[in-house]
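Note that the protein sequences, when read in sequence, are chains A, B and C. Note that the working numbering gives residue 225 to position 206 of the first sequence, counting from 1, and the numbers run on in steps of one. Note that the working numbering gives residue 104 to position 41 of the second sequence, counting from 1, and the numbers run on in steps of one. Note that the working numbering gives residue 21 to position 13 of the third sequence, counting from 1, and the numbers run on in steps of one.
To be clear, the hints were calculated from the coordinates, so they are not data collected in a lab. There may be inaccurate statements among the hints.
Stated by the list, open to error - DSS-like cross-link-like pairs, simulated, lysine-lysine; straight-line CA separation at most 27 Å: (1) B:Lys324 x A:Lys39; (2) B:Lys107 x B:Lys156; (3) C:Lys114 x A:Lys76; (4) B:Lys120 x A:Lys39; (5) C:Lys210 x A:Lys154; (6) A:Lys154 x C:Lys236; (7) C:Lys114 x A:Lys50; (8) C:Lys44 x A:Lys159; (9) B:Lys164 x B:Lys114; (10) C:Lys133 x C:Lys210; (11) A:Lys159 x C:Lys210; (12) A:Lys32 x B:Lys107; (13) A:Lys159 x C:Lys30; (14) C:Lys114 x A:Lys250; (15) C:Lys124 x A:Lys76; (16) A:Lys39 x B:Lys293; (17) C:Lys22 x A:Lys159; (18) C:Lys124 x A:Lys250; (19) B:Lys156 x B:Lys278; (20) A:Lys76 x C:Lys210; (21) A:Lys159 x C:Lys68.
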Amino acid sequence: MADFADGLSHAIKLIIGFDKDLIAIIGMSLKVSISSVLISCIIGFPIGASLALSRFKGRNFLLVLLNSFMGLPPVVVGLIVFLLLSRTGPFGVLGLLFTPTAMIIAQTILITPIIAALTRQTIEDLWNEYREYLKSLDSKIIDTIRTLLWDARFSLVIIVLAGFGRAIAEVGAVMIVGGNIDNITRVMTTAIALETSKGNLSIALGLGITLLLIAFTVNGVSQFISSVLSKRTML
Amino acid sequence: MLKFLYITLCLFILACININPASAGNRDILLATTTSVDSSGLLKHLLSKVKKQTNLKVKVVVRGTGAVLNLGIRGDVDIVLTHDRKSEDAFIKNNHGSIIKDVMSSHYMIVGPDNDPANIAELLNVSTAFNRIANTNTLFLSRGDNSGTHKTEMFFWTKSSIDPKLWSGKWYRETGSGMGATLNMASVLGAYLITESGSWFSFGNRGKLTILIDKIAPNPYRIILINPAKHSHILVNDSLKFINWLTGPIGQNIIDNYEVKGHRPYSSASKIKAIVK
Amino acid sequence: MTKQETILPLEVKKLGYQVGNKNLIQDLNFSLVSGKKTVLLGPNGAGKSLTLRLCHGLLKPTNGSINWGNPVIKNINRIRHHQLMVFQRPVLLRRSVKSNIEHALKLRRVPLNERKSRATFALSKSGLEPLENFPARSLSGGEQQRLALARAWSIMPQVLFLDEPTNNLDPAAVRSVESLITSFHNSGTKIIMTTHDLAQAKRIADEVLFIHNGKLLEQTKADIFFYKPRSPEGQAFINGELLC
Chain A
20 MADFADGLSH AIKLIIGFDK DLIAIIGMSL KVSISSVLIS CIIGFPIGAS LALSRFKGRN
80 FLLVLLNSFM GLPPVVVGLI VFLLLSRTGP FGVLGLLFTP TAMIIAQTIL ITPIIAALTR
140 QTIEDLWNEY REYLKSLDSK IIDTIRTLLW DARFSLVIIV LAGFGRAIAE VGAVMIVGGN
200 IDNITRVMTT AIALETSKGN LSIALGLGIT LLLIAFTVNG VSQFISSVLS KRTML
Chain B
64 MLKFLYITLC LFILACININ PASAGNRDIL LATTTSVDSS GLLKHLLSKV KKQTNLKVKV
124 VVRGTGAVLN LGIRGDVDIV LTHDRKSEDA FIKNNHGSII KDVMSSHYMI VGPDNDPANI
184 AELLNVSTAF NRIANTNTLF LSRGDNSGTH KTEMFFWTKS SIDPKLWSGK WYRETGSGMG
244 ATLNMASVLG AYLITESGSW FSFGNRGKLT ILIDKIAPNP YRIILINPAK HSHILVNDSL
304 KFINWLTGPI GQNIIDNYEV KGHRPYSSAS KIKAIVK
Chain C
9 MTKQETILPL EVKKLGYQVG NKNLIQDLNF SLVSGKKTVL LGPNGAGKSL TLRLCHGLLK
69 PTNGSINWGN PVIKNINRIR HHQLMVFQRP VLLRRSVKSN IEHALKLRRV PLNERKSRAT
129 FALSKSGLEP LENFPARSLS GGEQQRLALA RAWSIMPQVL FLDEPTNNLD PAAVRSVESL
189 ITSFHNSGTK IIMTTHDLAQ AKRIADEVLF IHNGKLLEQT KADIFFYKPR SPEGQAFING
249 ELLC
């Protein structure tokens, strides 16, 4: 229990002290994860919605594939992206290895299947409800997708949060492609891994508690925004 | 309302994509090295000094020895700093590096639980110590990952005429992990292990572990410039600047005087040369 | 609308719909013109809703043909554009009452300012104006169906299909829905409606298509049908004897 008490007091010291390094690490975590989630949504929402609406041979196989990709191991993705971005790899000339961009690429690959698969399920359920009505209105595909995505907005917020949660918590991919470089590509999870390997367990725990608080805050803010938005349509 | 959100989102993404500090033309040097140098804090100390004095910014990627050399072979970094003489020699032989220089040395030691069940404290002969550990079946952790530490450990087992793998999973445990993780395990389990001075003196979770036999072998570090003939993007000028600074009087002095928790884990190469002479 | 723009008459020939080996609808032949409120009447499971959906294009027939216009219109988009269906249970979007109407208008490519004014007009016509900013799904059953009709009103299709629109509604709601249907008819929309409620059919129909077991047994003027139907099943039905 002493470990946990130490960890808690470390967390409080770090947060109250506005430790400069900590702020930088938190900032990088948020930038990388939020960027990845946003890009994943831009790619994942339309893919999920189109899959929900389409019927073609081999669709079931594609769905199984997509659902399996939700469980892509981060280290594997990290390794693949590393090989792609390495100087000897196909995209080496871009010099993206060990940069935040590489981390965003890796996390986007990890999260997009989650967003797409969950969106697919949500939109398909909604479409079953709206299908005849939209057909009666002779809705074009693009209008149908926009209608369904907007009407599913509250479920989509939860999906986005799930994606964000996966991103901010993963360490395997960002460690390999980012390199955990001090002040450049160090994020909360890689910092925790580092401090743990240095035996600085209470610092690591303090960082861990801080990470939990951040995740909690992000979820809290989203919940607040969505309840405000839903109240607006009530008045 | 929607259009506003959408535009804000796009702007945010654009801003985030520009978080890379340097564009392709203005790159900082990339150095790959092993965890021991990083966890002792020496690197951070050196890099802040070199920045102040020469304005050189060095970005450091920390990995195991094998991965470090692999990054060098791929040209993903400009410089590597390692402590595995055989691998380094092979690296140079295969023309992956164009310049190699001695930098410093730390030393290996045997640490274990302070109650010392195998009774090896302050023995002068490592073989005797290893035999006592084997005979008393006391828990011994090995890195098991072909790192410099692991290779040194295997050298001593061979010298002691013992093959510890016969007891793998019993009193001899191969962790397959880095120094930090292995030390954590030893701390919890009360096991013996070989570790290195840089890692040990900065380790924060010693528990009941203590040094039982000190300075059993030296651990020399060398720095290598990746061969620009094989990789045209290597920042040769800046890298040489750094290598010369590190192996020059200022860098060597900083290494000798570097203290962590009251101990000096490193001796610079020039100091060692002076002593040998 | 002028004679050139109308998509009527509707000509249905040998219409059939098969699922597996079962013929749910067989050999339907009829023709519908403007100016009369047409009610498809019959017991539950007769095939009325199915026929409606086939005519509206929500399902593809396995046999037969459905042709609109004289001469026959080839452009499917034009045909779709002038029809709309109101369902037994109204499909409402997760938005406000007014938004639901504006959304339908948007899909019909009505420009923004016109959308707002048409929505407001439709709301006042159906008496839903005080509820315009409420979430549509929080309305009562009757209010929801009136919203579906207000939506249809703002679009003003040439042909309005209604599938048992007052099922499960209380009498007051039924009355207000029926009065809206009459308003549609009075402004020139062709009403094609299904019901199994005899009393409602009596109130609304100008002509009756009596369907039973997937077959069209008769197409008769309403006042004649309710006095003396031509088919024995029709007679049984208005006597309250034919249940399915």
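Status of the hints after comparison with the structure:
no.	hint	result
1	B:Lys324 x A:Lys39	holds, 23 Å
2	B:Lys107 x B:Lys156	violated, 31 Å
3	C:Lys114 x A:Lys76	violated, 33 Å
4	B:Lys120 x A:Lys39	holds, 19 Å
5	C:Lys210 x A:Lys154	violated, 31 Å
6	A:Lys154 x C:Lys236	violated, 39 Å
7	C:Lys114 x A:Lys50	violated, 37 Å
8	C:Lys44 x A:Lys159	violated, 31 Å
9	B:Lys164 x B:Lys114	holds, 21 Å
10	C:Lys133 x C:Lys210	holds, 25 Å
11	A:Lys159 x C:Lys210	violated, 38 Å
12	A:Lys32 x B:Lys107	holds, 23 Å
13	A:Lys159 x C:Lys30	violated, 33 Å
14	C:Lys114 x A:Lys250	holds, 24 Å
15	C:Lys124 x A:Lys76	violated, 43 Å
16	A:Lys39 x B:Lys293	violated, 40 Å
17	C:Lys22 x A:Lys159	violated, 30 Å
18	C:Lys124 x A:Lys250	holds, 22 Å
19	B:Lys156 x B:Lys278	violated, 30 Å
20	A:Lys76 x C:Lys210	violated, 49 Å
21	A:Lys159 x C:Lys68	holds, 19 Å
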